[in-house]
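K.L.:
Position chains B and C relative to chain A; hints supplied.
Chains as they are written, first to last, in full-length UniProt numbering: chain A, 1 to 105; chain B, 1 to 276; chain C, 1 to 147.
Please keep in mind that the hints were generated in silico from the structure rather than gathered at the bench. All C-beta atoms in this analysis are idealised placements derived from N, C-alpha and C, irrespective of residue type, glycine included. Careful: at least some of the hints might be erroneous.
If you anchor each label on the Cβ, the simulated ranges turn out as follows [stated by the list, open to error]: (1) C:D69 / B:A91: 46 to 56 Å; (2) B:G186 / A:R32: 26 to 36 Å; (3) C:D51 / A:I5: 21 to 31 Å; (4) A:V89 / B:T183: 48 to 58 Å; (5) A:G82 / C:D51: 23 to 33 Å; (6) C:G40 / B:F66: 37 to 47 Å; (7) A:R100 / B:P168: 45 to 55 Å.
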Amino acid sequence: MAVMINVPETAAPGEVVEVKIIISHPMETGFRTGSDGKLVPRNIIHELTCRYMGQEVFRAELHPAVAANPFFSFFVTAQESGEVELSWVDEAGETVTETRPIEVG
Amino acid sequence: MAGQVERAEGGAAPRLRPPRDICRKARWSGAVVAAVLAGAAGAQDGRVSTYEQMAPELRAMQDDDFSNPGLLWAQTGEELWAEPSGADEVACAECHGAAEEMAGVAAHYPDWDEESGQAVDLAARINLCRQRHQGAEPLERGSEALLALTTLVALQSRGQPIAPSEAPQMEAVRGQGEALYSTRMGQLNLACATCHDDLAGGRLLAAEIPQAHPTGYPQYRLEWQEMGDLDRRLRNCMVGVRAEPFAAGSQEFVALEAYLKARAVGMEMEAPAIRP
Amino acid sequence: MTTRRAFLAGSLATPLILRMEPAFATPEEMQNAIDAFTGGAEVTEGRVELDIPMLVENGNTVPLRVAVDSPMTDDDYVEAVAIFNEINPLPDTVRFFFTPLSGRAEAQTRIRLNGTQHVHAVARLSDGSFWSAQTNVVVTAPACREV
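Only chain A is shown next, with the shape it has when bound in the complex:
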């Protein structure tokens, strides 16, 4: 599963930084008919969570109306150097966790 994540490498203490993530995923709605005439089973990423300094900073709950290859942008207040952790789970049970370092100072 390809993914692109943008967390600034450095930030000043207290700076509010933008995090961007785009994940390769079809976000199958369960409403679409495949070439065999049958409904393609629903499989969406249903939750995306961002954690930093041991706390949840941001979370998204996704429904089938989120576009394929979901993209999110949100903000995190930089406080100390560490890892920004992003994890997401789809309805096929696949969980992925990625981290990106951020240097604050």
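P.N.:
Then chains B and C, alone, in the frame of chain A:
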């Protein structure tokens, strides 16, 4: 320099005819046509990428690498590029080095393949490479792996001008492509040129009819919700006019692409482009 | 008078318009979904900024940005913003959950819209109040759609 291939090195340059739309469009003044033939490219000669017609939000989606979903395919392509493949257990990177070494390559495809004696597009070239140098099976046309590798190679030419192949055999291929472009087909009896030369800039429903310059392939169409190649787009068009589409990877599509690339000579490569 | 050109344009487009989608939520179902989110609390229009292009060429991928006016302190912050649509098969679209550490109650994503409709954003603040914004989005039919 629409329609003409010029080269710094000189030699027996195959001369392309100027695109038919340039000769035909009455709204273009003689001065503009002269400027085109003299070597102007881009906005001055009236040729525009569909990028220019898109909403600002979609242009922004294409322009930001952390927002353009096409880059996901390039990332998969990077993994495949480095991965030993086929009976020979050799990776693309072992011969070619880093993918960046492919800068400019995509800008002159389709090109002539001496060994098979036919014109090949970039995807077919990748497959020939697999068969000849990796001992691997060709990847299926339109498959995720082939799109990923093609996207990775095309990305290395982003921002460069389209520069059609100088192989002398390609002149005849472009001629075949131009003939196909002008041939009415299907139950609606429309040629490519009917819409994309004569009616370009007009409206079909709410959509502006594009000039059909293949600057951004493989490209991410919001309609497809994934990457696709030019063959797929051309098949859509053919089905749209109720014609039997040519086969994926067929010589007809290679010829059409060769003509379209010559028609778009000098325009900027954009792959992976976003289109609605 | 129907010109040949108009006829041809119509023939290209017509079968595409006739494609039916499987299910539609109704504005009532959307209201029920909003009520489930708010617990029936009063929702005041304001403080929420919802940016979606007014006219989109393809409903498969519609850029959306939402921002709520809030200091985002431990005592006063936006807990959640939920996006609702009127006529997709399901009224729930996406929900964002913020914390004071977010620093800014703002997020972007891309959504699917099954046709021209209103999209609503409802924000729940840490003081228990609810605020909202709505916008109308015109989704045009792509002329040369893959069949």
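K.L.:
Identify every previously stated hint that the structure contradicts and give their numbers, smallest first.
P.N.:
The structure conflicts with no hint, since it agrees with every one listed earlier.
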